[in-house]
Structure formats: structure tokens, C-alpha cells
Amino acid sequence: EPEVTQTPSHQVTQMGQEVILRCVPISNHLYFYWYRQILGQKVEFLVSFYNNEISEKSEIFDDQFSVERPDGSNFTLKIRSTKLEDSAMYFCASSGRGGANNEQFFGPGTRLTVL
Amino acid sequence: KNQVEQSPQSLIILEGKNCTLQCNYTVSPFSNLRWYKQDTGRGPVSLTIMTFSENTKSNGRYTATLDADTKQSSLHITASQLSDSASYICVVSVVGNEKLTFGTGTRLTIIP
Numbered sequence: 108e109p110e111v112t113q114t115p116s117h118q119v120t121q122m123g124q125e126v127i128l129r130c131v132p133i134s135n136h137l138y139f140y141w142y143r144q145i146l147g148q149k150v151e152f153l154v155s156f157y158n159n160e161i162s163e164k165s166e167i168f169d170d171q172f173s174v175e176r177p178d179g180s181n182f183t184l185k186i187r188s189t190k191l192e193d194s195a196m197y198f199c200a201s202s203g204r205g206g207a208n209n210e211q212f213f214g215p216g217t218r219l220t221v222l
Numbered sequence: 459k460n461q462v463e464q465s466p467q468s469l470i471i472l473e474g475k476n477c478t479l480q481c482n483y484t485v486s487p488f489s490n491l492r493w494y495k496q497d498t499g500r501g502p503v504s505l506t507i508m509t510f511s512e513n514t515k516s517n518g519r520y521t522a523t524l525d526a527d528t529k530q531s532s533l534h535i536t537a538s539q540l541s542d543s544a545s546y547i548c549v550v551s552v553v554g555n556e557k558l559t560f561g562t563g564t565r566l567t568i569i570p
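In order, the protein sequences belong to chains R and X.
Using our numbering, you'd call the opening residue of the first sequence number 108 and step up by one each time.
Using our numbering, you'd call the opening residue of the second sequence number 459 and step up by one each time.
Simulated from the structure, these hints should not be mistaken for lab results.
Please note: incorrect hints may appear among the correct ones.
[To be verified] Pairs of lysine-lysine residues, derived as BS3-like cross-links and limited to a Cα-Cα distance of at most 30 Å, are as follows: (1) X/475 / R/149; (2) X/475 / X/515; (3) R/149 / X/529.
Small disclaimer: the values here were computed from a predicted structure and weren't measured.
Sequences are here, hints too, so could you generate the full structure?
Spelled out as C-alpha cells, the structure:
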């Protein structure tokens, strides 16, 4: 069964460093998302992406964040200068269609630890 | 502000027993409500999606209900198994918006 994959599973970085989290969505999906979950808290929406553009973003997704689909298979989240409060699980999701009723399939997550 | 509240926060039941988890939401305009299962350290997995016009949906031993008038939903798990131990998250979306609003989840533990 096709699934969303994410790498690395765990990333440790120093405060102020740039990190790139990678996702491979399900192959025929066109809609991509990033979410984060701070330890012990709820999952929070960061950004949605379609047709090489951000379609929606939350207030969390500030200038330190960017997303890219560099090729036909990968979808990346870059944090330019990490802060301690960026420590969280980051989940990528993909969907075969857009709209509010789409079913989003989540990857296993990348645990980011900022020291 | 769109909010999703779940109860109880945690629940422990014996294997084989049934349980019901609750979700209340204040979201407008409502589009659909989803229940996800999240194992520790893993991504959420969809169990059910219900739109405004649906008031019940089943997926194996999982049955979700929706009352759009009172803005409440429940997830009923029948004949629980050890593998049901996980967090169950209620998620709501609004019309015309792909952003999902997550609840804090109910942590369910099944003991033998």
C-alpha cells in the first residue's frame, strides 16, 4: 500500500542552524501539507502546497519557514534559523485532491530537536 | 476561533470491553469531522470522515457519530484489542479550507 515517507526520522541541530526536512508524498498525489506537534500538545497546521505554490499557511509559518518541491517526488520544509521552540515532531501529509473533504495521508514524522 | 475539545483526556479499559470517546467543536462554517488514530511517535491514521449530512459512519470496530446541531461527535470502539492503545484525535475542517483543526486527543490504553 502506498505511503508517505519522511527523512530523517530524528534530526538534532544547534540553535540558529538551518534544517531541511524531507518528505516523499504518495506518488499520484498533488496536494501536500506540513504539520507540527510539540511534545504533549495538539497537531498544528503549518502550510498547504499545490501546483508549486503555497495555497494556505498558518501564523506559525513565518519567514523562517519555506517549502519546496525540488523535483517530481520530494517535498521539503526548510527552517532557516532554528529556535529552541521549533523542537517538535513535523508531519508531512499528501492528498489526491484538494478541498475541505480531502483525505490526507500522514507520514511517520521527523522529530526535530533544537539544542 | 475554531476549537475542538475532547474528553476524556485519557482512558484505561480492559481488553474486550467497549468504550466511547467524545468530541465537541466550535467551527464555522463546518465542512467535515474526522477521527484519527495516532500511535506513539507515529503519524495520524484516518479512521472516518463525516460531512454535515452524515450522522454515523463505521470502519470495522470503530463507529463514529456526528450531531451537527449540537456540534458533538463520538467514537465508539467495540471489543477493544491491545492494538487499540493509541491517541484518538478528533479533527474538523471548515468549508473552502484545507486547514485541519486538531483536538488534543484522548489517550486510550487497553490492558489485558
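> Holds or violated: residue 149 of chain R with residue 529 of chain X, Cα cutoff 30 Å?
Replying inline: holds (20 Å)
> Hey, residue 475 of chain X versus residue 149 of chain R, does the alpha-carbon distance stay inside 30 Å?
Replying inline: holds (27 Å)
> Given the proposed pairing of residue 475 of chain X with residue 515 of chain X, does the C-alpha separation stay at or below 30 Å?
Replying inline: holds (20 Å)
Figure legend: structure checked against the earlier numbered hints; every hint is met.
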